[in-house]
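S.K.: Generate coordinates for the entire structure from the input sequences, incorporating the hints supplied.
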Amino acid sequence: MKPKFQMDAAAYTALMQGMNEQYFVEKKGNLLDFRLYYDDLWLADTAVVDVVHRSKGEWAVDLIFANIHNPLKFIRRYITSHPCPKRAAQKAEFMRRLAAKDQRGTLIVSIQSLEMCQN
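Using the numbering used here, the letters of the sequence shown correspond one by one to residues 27 to 145.
To be clear, the hints were calculated from the coordinates, so they are not data collected in a lab.
Check the hints yourself; a few may be wrong.
Lysine-lysine pairs mimicking PhoX-like chemistry, simulated, CA-CA at most 20 Å apart [claimed, not checked]: (1) LYS117 with LYS127; (2) LYS112 with LYS82; (3) LYS82 with LYS127.
Computed beta-carbon distance windows for the label pairs [unchecked claim]: (4) TRP68 with GLN43: 34 to 44 Å; (5) ILE134 with GLN32: 55 to 65 Å; (6) ARG61 with ALA115: 48 to 58 Å.
Glycine included, every Cβ here is placed at the ideal spot set by N, Cα and C.
M.R.: Laid out in structure tokens, this is it:
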């Protein structure tokens, strides 16, 4: 039989203090913070980029949806993960191709649309 979990008084006090501080630090967002989600017409003009990276011992697949007119306006979404890097790359390619289907053809983000200053 497993012994009952016990926590010493110092650890319990530190845990409660952290939870109390978190209550006062966090605050509700206003509706302007969520405008990116409910004002989603810009998502029709997005290029899709797949990213495969190592996360928590597996290869995670993320898709980045970047606006072709303003590339600094983007959303990054976690899709799936896989222990094999080849399978993760394959899933990333399939998901990108599926998400990027557009009647106008493949949309791309150009470096000129960033309007970067080289000074």
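S.K.: All hints are to be evaluated individually against the structure, with a verdict given for each.
M.R.: To see whether the hints hold, each was checked on the structure:
{"no.": "1", "hint": "LYS117 with LYS127", "in the structure": "16 Å, holds"}
{"no.": "2", "hint": "LYS112 with LYS82", "in the structure": "17 Å, holds"}
{"no.": "3", "hint": "LYS82 with LYS127", "in the structure": "31 Å, violated"}
{"no.": "4", "hint": "TRP68 with GLN43: 34 to 44 Å", "in the structure": "43 Å, holds"}
{"no.": "5", "hint": "ILE134 with GLN32: 55 to 65 Å", "in the structure": "59 Å, holds"}
{"no.": "6", "hint": "ARG61 with ALA115: 48 to 58 Å", "in the structure": "34 Å, violated"}
Checked against the numbered hints given earlier, this structure breaks hints 3 and 6; the rest are met.
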